[in-house]
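Asker: Residues per chain are reported as follows:
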Amino acid sequence: MAVTPWQLGNIFGPRVAIQVKGDAAGRMIKNAKHPLLVAGGNVLKEFVGDKLYIEFIVELLKARDMPLIATGASYKDFADRGLIPVQIMNAVEVVDRLRDSDWSVDGKGPHDLVVFAGLSYQYLSQLLSCIKHFATHLRTICLDRYYHPNADLSFPNLTEEQWMENLKLLLDNARLR
Amino acid sequence: MEKGPVRFSLKSIESAGLTARDLEVIIGGIEVPEVWEPLGPTPMPKISTLRSWDFKLLDRYKPFYMPFCDQCCLCTYGKCDLTRGKRGSCGIDMSTQQGRIVTLACAIGASTHASHARHMLDRLIEKFGADTPINLGSEVNVEMPNTRLVVGVKPKTLGDLSQVLSYVEEQIVQTLSTTHTGQEASYLDYESKALHLGMLDHVAMEVADVAQIVAFNFPKGDPNAPLSEIGMGLLDVVKPMILLIGHNVSEGVEVIDYMSRNNLGKPGEVLEVAGLCCTAHDITRYESSAKIIGPISHQIRFIRSGAADTLIIDEQCITNLSFIEAQKVKTPFIAVSDKAAYGLPDVSEWSVEKIVASLTTGGLKGVFLPDLDKAAAVSVLTALQVAPLRQKFKVIPDVKELSIIASKCTHCGRCRRNCPIDLPVDDAIYSLKLGDSSKLAMLHDLCLGCGRCEWECPNHTPVLSLMMKAAEAKVKTEKYRIRVGRGPILDTEIREVGSPIVLGEIPGVIAFVGCANYPEGGLDVALMAREFARRRYIVTTSGCSAMSIAMYRNEEGLTPYEEFSGAFEAGGLVNVGSCVANAHISGAAIKIANIFARRPLRANYEEIADYILNRVGAVGVAWGAYSQKAASIATGFNRLGVPVILGPQGLKYRRMYLGRREDREAFTVYDVRTGRRVWIGPAPEHLIISVENRKEAMVMIAKLCLRPNDTTKGRMIKLTHYIDLYKKIYGKLPEDLHLFIRSEADIPVTFKDEVLSYLGKVGWSPWELPSIDPYYSENVFRKYYRGG
Numbered sequence: 001m002a003v004t005p006w007q008l009g010n011i012f013g014p015r016v017a018i019q020v021k022g023d024a025a026g027r028m029i030k031n032a033k034h035p036l037l038v039a040g041g042n043v044l045k046e047f048v049g050d051k052l053y054i055e056f057i058v059e060l061l062k063a064r065d066m067p068l069i070a071t072g073a074s075y076k077d078f079a080d081r082g083l084i085p086v087q088i089m090n091a092v093e094v095v096d097r098l099r100d101s102d103w104s105v106d107g108k109g110p111h112d113l114v115v116f117a118g119l120s121y122q123y124l125s126q127l128l129s130c131i132k133h134f135a136t137h138l139r140t141i142c143l144d145r146y147y148h149p150n151a152d153l154s155f156p157n158l159t160e161e162q163w164m165e166n167l168k169l170l171l172d173n174a175r176l177r
Numbered sequence: 178m179e180k181g182p183v184r185f186s187l188k189s190i191e192s193a194g195l196t197a198r199d200l201e202v203i204i205g206g207i208e209v210p211e212v213w214e215p216l217g218p219t220p221m222p223k224i225s226t227l228r229s230w231d232f233k234l235l236d237r238y239k240p241f242y243m244p245f246c247d248q249c250c251l252c253t254y255g256k257c258d259l260t261r262g263k264r265g266s267c268g269i270d271m272s273t274q275q276g277r278i279v280t281l282a283c284a285i286g287a288s289t290h291a292s293h294a295r296h297m298l299d300r301l302i303e304k305f306g307a308d309t310p311i312n313l314g315s316e317v318n319v320e321m322p323n324t325r326l327v328v329g330v331k332p333k334t335l336g337d338l339s340q341v342l343s344y345v346e347e348q349i350v351q352t353l354s355t356t357h358t359g360q361e362a363s364y365l366d367y368e369s370k371a372l373h374l375g376m377l378d379h380v381a382m383e384v385a386d387v388a389q390i391v392a393f394n395f396p397k398g399d400p401n402a403p404l405s406e407i408g409m410g411l412l413d414v415v416k417p418m419i420l421l422i423g424h425n426v427s428e429g430v431e432v433i434d435y436m437s438r439n440n441l442g443k444p445g446e447v448l449e450v451a452g453l454c455c456t457a458h459d460i461t462r463y464e465s466s467a468k469i470i471g472p473i474s475h476q477i478r479f480i481r482s483g484a485a486d487t488l489i490i491d492e493q494c495i496t497n498l499s500f501i502e503a504q505k506v507k508t509p510f511i512a513v514s515d516k517a518a519y520g521l522p523d524v525s526e527w528s529v530e531k532i533v534a535s536l537t538t539g540g541l542k543g544v545f546l547p548d549l550d551k552a553a554a555v556s557v558l559t560a561l562q563v564a565p566l567r568q569k570f571k572v573i574p575d576v577k578e579l580s581i582i583a584s585k586c587t588h589c590g591r592c593r594r595n596c597p598i599d600l601p602v603d604d605a606i607y608s609l610k611l612g613d614s615s616k617l618a619m620l621h622d623l624c625l626g627c628g629r630c631e632w633e634c635p636n637h638t639p640v641l642s643l644m645m646k647a648a649e650a651k652v653k654t655e656k657y658r659i660r661v662g663r664g665p666i667l668d669t670e671i672r673e674v675g676s677p678i679v680l681g682e683i684p685g686v687i688a689f690v691g692c693a694n695y696p697e698g699g700l701d702v703a704l705m706a707r708e709f710a711r712r713r714y715i716v717t718t719s720g721c722s723a724m725s726i727a728m729y730r731n732e733e734g735l736t737p738y739e740e741f742s743g744a745f746e747a748g749g750l751v752n753v754g755s756c757v758a759n760a761h762i763s764g765a766a767i768k769i770a771n772i773f774a775r776r777p778l779r780a781n782y783e784e785i786a787d788y789i790l791n792r793v794g795a796v797g798v799a800w801g802a803y804s805q806k807a808a809s810i811a812t813g814f815n816r817l818g819v820p821v822i823l824g825p826q827g828l829k830y831r832r833m834y835l836g837r838r839e840d841r842e843a844f845t846v847y848d849v850r851t852g853r854r855v856w857i858g859p860a861p862e863h864l865i866i867s868v869e870n871r872k873e874a875m876v877m878i879a880k881l882c883l884r885p886n887d888t889t890k891g892r893m894i895k896l897t898h899y900i901d902l903y904k905k906i907y908g909k910l911p912e913d914l915h916l917f918i919r920s921e922a923d924i925p926v927t928f929k930d931e932v933l934s935y936l937g938k939v940g941w942s943p944w945e946l947p948s949i950d951p952y953y954s955e956n957v958f959r960k961y962y963r964g965g
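In order, the protein sequence lines correspond to chains E and S.
The letter at position 113 of the first sequence is residue 113 when you use our numbering, and the numbering goes up by one with no holes.
Heads up, our numbering is the position in the second sequence plus 177, with the first residue counted as 1.
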C-alpha cells in the first residue's frame, strides 16, 4: 500500500520522502560526515514506551555524537539531563541558516544531514519544505512516528510499538562507539 | 511613467472678490477638505511608490519561503512542478510563486476589508447622510492616522471616506492584476506588492471602523467602556435567541433597533441577541447587553446546541456549513450579504409576513435577504414565532447515546489525521466507547471546531456533538466578562505614554490579534496577555484573540478585563474591538510618531515607518491566525515597521521575514547626530516569524520589543524582562544578550554580576556610540542630518 502523509489533507508533491526503517536510518546517521540534530518542544510531550521522547534523544546523542540545537523551549530539559545543546534557536531561524551551504552551528564545517525530532507535525512539514526546495545540499531525516513527505527520509506512519522498535534499531545502527 | 493626481501650489491668487494664499490644488485625485499640514512626499501611493522603503526592509528582513505545495496549478499550462529550481511553463520559479501566493493572500485580505468597508459606508451614507461628521470626541483630534498617512487627506464626513475607499479599491485591483500568469518575475517585487496591500488594508479597516463608530455611536476610545458577557454558557438561555455570525454589524444594529422600536426592549429582556466572531464584538459596542458566544471556533458547536431560534449570517469567517448545521436543529437561516448567499432564494421582494410564514411553518429552511431593514423584522418575528415550536431543538446526544454512537469506533485514527492541529480525537472517541468521556471533554477547549474529523470518519461519528455533551457541565459554566471594543486610542493617552514608549521605559506595546487557529487552545493567549500586562507592558487586543483573553479567570475569579484597566497605559489591557479595529493599533503607533514626536504625518509614510521601526517597541502577536485577512493585516504592520509573531500554524502562510543577528551590515543605521553608519544590534531581529509554542513566544515577544532608540534606562527595563523570561524558560542567560548591551549602564541591576561575568566570557566591549539618533532610511536621514 502506498504510504500516505500523516495529515491526510497534506497531499505531497512530485518529490517525496523515502520510507526507511530504523536500521537504515541509523546507518544514515552514523555515516553522515557532520550531522545536526534539531529537537523541538514535543520531545517533552511524547513517549517512547514508558519513557519521554527526550530520553531517547539523549541516548542517541550519547551513541552518536553530533551537535544539538534545542528549539521550542526544550533546552532546559536537555541541560537537566546533562546534555548541553550547542545552541538555543527558534526552528525557523535554524532552517533559515541551513539554506546557506557553508553554515554550521558549531563552526566545524557544513552539515550534510539534518535529523529532526519532536517538532509538531505541520510545523515541521513546512520547515522540511523549505529545505527540500532551497537547501538542496542537505539531506533530512525525521525520527517522529509519522510519515513526512517533505523530508528525504522518513519513517512511515507507525504504531507506538513499531516506533519504539524502529528507534531501538536506529540506536543500534547509529552507534559510533 | 507613473500616473497619478496632478498637484500644484499657489502662493497667492487674486481675482474680483477673491484673495487666497497658500493654495494647494489636486486634479485627478481626492478633494482635500482641509489643508492642515503640508502635503508629504507620497500621497496615495501607487504600487511602486514605496518600493525603495520595502526593499530596505527586505534587505534586512529577507523573505523566507516554505512552499505549501510543490506545484503551481493556476493556469491551463499546469500543473507545473516547481521543485528544487525547476520553472513552470510561464517561467516562474518557486520563490516567485511563493511571493505571488502571498500577494494573492494579501489581496484577498485587503479586498475583504475594503468591500466590508464599502458595504458599511454606502449603507451609512444612505441612512445618515454623506455629511455625517467624523467626530471621535474631544480627545481624538487625529481621527484617522492611517488615512492621513497613506492617502494624505483628513476626512471630515462619511462622504469623504467614500473617496478614500475609492483609492484603496483602485489600488487593490491594480496590485491583484500583477498575480496574473506571466506578470511579475521577482519575488522581492511581489513582496513589495504584498506590503502595499497590507498598508491599504489598514486604511480600509480604518474607514470601516471609524464609519461605524461615528454612525452607530460606538465607544470613542473610552478606557472604561462597559463590560459585556461572553461564553458558551449562554447556550442555556430559555428566551428566544437571534444569533448573528460574521463581521458586518449592520444587520445586528438593525435587529436591536427593530426590537427597541417594537417595544421588545434591549437584548436579554424579551429576546437574546448574541453573536459569534467579530459581529459579536460590534453588536456589544452598539449595545452592551448583547452577548458574545465566542470566537470562530465555536460556530458549529453552538449552532448544534440549538440555542439559536434564528441564525443570521453576514460575511467573512463564516463556515460554509452554517446552513447545513442550522437545518439540523431547525433554526431558520437568513443570509444577508451578497458575498455569502448560500444558493438560497432571494426574498427581497416578498412581504415580511410572507417570509416569516415561510420560515416558521412554510417549510422554507433559509432565505437570502440583503434588505437589512426587512431582515431585522423577519429575524425578530421569526425567532418569536419559532421558539415555542422548536423548543431549543438540538442535536447534542443524551448521555446514554454517547457510548452507543462511539461504539462503532474502530480506532482507525483517520479523525486525528484529518485534524488541522493533530488532536488525539481517535483516542478520545475510543475512550468514550469504553465508557470514559473525560478525554473528549478535555478536547473541547482545544478544538478548532472545523468538523473535518466528522467528514473523515468512516462511521460519520458526530465528533463535535459528542464533544459538546462530554464537556456539557463545564460549558454551562463558561460565562465571562469582556470589555467591549473601545475603538481608537486617545490623543491624550498618546501624549502620556509616547515618551516612555519611545525611550523604552514602558517596555513595549503588544497587540494580541487575529483568529482562533490556536495550536493548544485559547488559554495560551490569555496567559500571554496577562503575563505582559502584569509586567507593565501595554497590551492591546482585537477580534477572536480579545475573546479568548476574556475566557480565563485568575486566582480571585477575575477575567483579565476585570483585573486590568482598559486604558492605553502601562499594565493596561485594551480591547479595541473587531478585526477592522486593528487599524486603531497601527494608528496608535503612527500617532506616537506624530503627536508625541511631532513628525509630519500627512502622506509621509516612509518617515513614519522608519520612526516606528527604530523607536516604537510594538509587537503584534497573531497566535491563531488562519485567514487571508490576518495575512494582510500582519503584512501591513510589517510595512509600518512593526514586527509580528505568529503561532505555529502561521508557517502555513508560507513566508516569513527574517533578520539574522550575525549580519552586522543589515543592522547598521544612520546616526543623525554624527552622520555615521552605526551598528545597532539586531533590534528588532525579525519582521515576521512563527514560533513553536507559547514559551518560545514569550521570550520572542520581549526580545522583539527592543529598539535602537532605547535610552539606557529603557534598555535596562526591556532587558530585565527579556532576561527574566529567558532564564525562567531556558534556565540561563540569553545567548545573544551581548548583542543588546551597549554600555554597562544597560545591564539590569538585578542581573548585574551574572551578566558582567557572561560579557567577560564572550569578549564584549562597550559600544563606541551607545546612544544614537537612528534612521534606517537614507531618505529620512538626509532630511534631518545637518552635517556636511
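What the hints contain is simulated information worked out from the structure, not anything from laboratory work.
It should be emphasised that the depicted structure is a prediction, and the values quoted were computed from it without experimental measurement.
Be careful, since some hints might not be right.
[To be verified] Pair by pair, the computed Cβ-Cβ distance ranges are:
| no. | chain 1 | residue 1 | chain 2 | residue 2 | range |
| --- | --- | --- | --- | --- | --- |
| 1 | S | T587 | E | K45 | 24 to 32 Å |
| 2 | S | K416 | E | R81 | 51 to 59 Å |
| 3 | S | G268 | E | I84 | 45 to 53 Å |
| 4 | S | V350 | E | T136 | 32 to 40 Å |
| 5 | E | T136 | S | E214 | 49 to 57 Å |
| 6 | E | I11 | S | E945 | 49 to 57 Å |
| 7 | S | H588 | E | R81 | 49 to 57 Å |
| 8 | E | I11 | S | D604 | 21 to 29 Å |
| 9 | E | I11 | S | S580 | 31 to 39 Å |
| 10 | E | R81 | S | V350 | 20 to 28 Å |
| 11 | E | R15 | S | T927 | 28 to 36 Å |
[Claimed, not checked] Calculated from the model, a selection of chain E residues having no Cβ within reach of chain S, i.e. all distances over 10 Å:
| no. | residue |
| --- | --- |
| 12 | V3 |
| 13 | G40 |
| 14 | K76 |
| 15 | D80 |
| 16 | Q87 |
| 17 | I88 |
| 18 | V92 |
| 19 | E93 |
| 20 | D96 |
| 21 | R97 |
| 22 | K132 |
| 23 | T136 |
| 24 | P156 |
| 25 | E165 |
| 26 | N173 |
| 27 | R175 |
Ideal Cβ placement from N, Cα and C applies to all residues, glycine included.
Asker: A separate judgement is required for each hint: does it hold in the structure or not?
Answerer: Against the structure, the hints come out as follows:
1. T587(S) <-> K45(E): 24 to 32 Å: Distance hint for T587(S), K45(E) holds at roughly 26 Å.
2. K416(S) <-> R81(E): 51 to 59 Å: At 58 Å between Cβs, range holds.
3. G268(S) <-> I84(E): 45 to 53 Å: holds (48 Å)
4. V350(S) <-> T136(E): 32 to 40 Å: Given a distance of about 38 Å, which is inside 32 to 40 Å, the answer is holds.
5. T136(E) <-> E214(S): 49 to 57 Å: With Cβ atoms ~53 Å apart, the hint holds.
6. I11(E) <-> E945(S): 49 to 57 Å: Since I11(E) and E945(S) have Cβ atoms about 55 Å apart, the given range 49 to 57 Å holds.
7. H588(S) <-> R81(E): 49 to 57 Å: violated (33 Å)
8. I11(E) <-> D604(S): 21 to 29 Å: holds (25 Å)
9. I11(E) <-> S580(S): 31 to 39 Å: This hint holds: roughly 35 Å between Cβ atoms.
10. R81(E) <-> V350(S): 20 to 28 Å: violated (58 Å)
11. R15(E) <-> T927(S): 28 to 36 Å: violated (52 Å)
12. V3: holds (13 Å)
13. G40: violated (6 Å)
14. K76: violated (4 Å)
15. D80: Per Cβ check, D80(E) is inside 10 Å of chain S; nearest 8 Å; violated.
16. Q87: Given a closest Cβ separation of 7 Å, the condition is violated.
17. I88: At about 6 Å from chain S, I88(E) fails to clear the 10 Å cut-off, so the statement is violated.
18. V92: Non-interface label fails for V92(E): nearest chain S Cβ at 6 Å, not farther than 10 Å.
19. E93: Contrary to the label, E93(E) does not stay out of reach of chain S, its closest Cβ about 7 Å off (not over 10 Å).
20. D96: violated (5 Å)
21. R97: violated (7 Å)
22. K132: violated (7 Å)
23. T136: violated (5 Å)
24. P156: P156(E) clear of chain S: closest Cβ-Cβ about 13 Å, beyond 10 Å.
25. E165: With a cut-off of 10 Å, E165(E) remains clear of chain S, as the shortest Cβ separation is near 19 Å.
26. N173: holds (28 Å)
27. R175: Since the minimum Cβ distance to chain S is about 29 Å, R175(E) lies beyond 10 Å and the statement holds.
The structure does not agree with the numbered hints 7, 10, 11, 13, 14, 15, 16, 17, 18, 19, 20, 21, 22, 23 stated previously, though it agrees with the rest.
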